[in-house]
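Student: Sequence:
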Amino acid sequence: MIAILTKADLDTHHHVFDQMFRGRAVVFHEMYSPDISVSEGREVDRYDEAGDPVYLISADNSGNVAGSLRLLPTVDDTILQNEFKDFFDVPVDFRCPTAWECTKFCIHPKNSTSDIDLCQTVASELLIELCALALRSGIEHIISVHEMRMMKIYRCVGWEPDQLAHARGNPDGLAVGLWEVSETQLGKMRDHAMQDSSHVKSHEHG
Numbered sequence: 202m203i204a205i206l207t208k209a210d211l212d213t214h215h216h217v218f219d220q221m222f223r224g225r226a227v228v229f230h231e232m233y234s235p236d237i238s239v240s241e242g243r244e245v246d247r248y249d250e251a252g253d254p255v256y257l258i259s260a261d262n263s264g265n266v267a268g269s270l271r272l273l274p275t276v277d278d279t280i281l282q283n284e285f286k287d288f289f290d291v292p293v294d295f296r297c298p299t300a301w302e303c304t305k306f307c308i309h310p311k312n313s314t315s316d317i318d319l320c321q322t323v324a325s326e327l328l329i330e331l332c333a334l335a336l337r338s339g340i341e342h343i344i345s346v347h348e349m350r351m352m353k354i355y356r357c358v359g360w361e362p363d364q365l366a367h368a369r370g371n372p373d374g375l376a377v378g379l380w381e382v383s384e385t386q387l388g389k390m391r392d393h394a395m396q397d398s399s400h401v402k403s404h405e406h407g
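For the record, in the sequence shown the residue sitting at position 26 is 227 according to our numbering, with numbers rising by one throughout.
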């Protein structure tokens, strides 16, 4: 199940937001970089507080957050325009009213250490809904700073980005990716998801 939330939903979905921010703290602070700020066990940055983000949150059948991502309009402040402005081998100044920046994409802790099929299922759910939401909103592209090792997941899901730039010296294998939003891409991802679901079921009954 995917929820699409904004800061206007904080009061009514406080528990969901709390799980998301706590999961982000584990993924981004504990697993990736201790330099990322955490307060009271929650990873919340200035874009969460001062920006106008949209969140896509995947929940399991028990209502627990399994994965999440954040969207920001590229015409406003973004991580790529600020924190990562001088980080890459070529300048990337991408501002467009029909593009979103995707950040904080993560599979939450108990799922990120589970089997690869579960991780891929959560990633697929999030990216399919992201593409569908973008189409409904008149968005043509998604841009994001991502780790190169994520390309395997994107490839399996069926939505690979074009690489616009790579980090100088390639620390951590970071790159800037640009995803095209289209009905064709959405259909491709849904086909991949159906095939993966059939594969999992065949193993369960095999």
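Simulated from the structure, these hints should not be mistaken for laboratory data.
Wrong hints could be hidden among the right ones.
[To be verified] Taking lysine-lysine pairs in the DSS-like style, the calculated list, with each CA pair at most 30 Å apart, reads:
1. K208 x K311
2. K311 x K389
3. K286 x K353
4. K353 x K389
5. K208 x K286
6. K353 x K311
Student: Evaluate each hint against the coordinates.
Tutor: Checked hints:
| no. | hint | result |
| --- | --- | --- |
| 1 | K208 x K311 | holds, 25 Å |
| 2 | K311 x K389 | holds, 28 Å |
| 3 | K286 x K353 | holds, 26 Å |
| 4 | K353 x K389 | holds, 16 Å |
| 5 | K208 x K286 | holds, 26 Å |
| 6 | K353 x K311 | holds, 20 Å |
No hint from the list above goes unmet by this structure.
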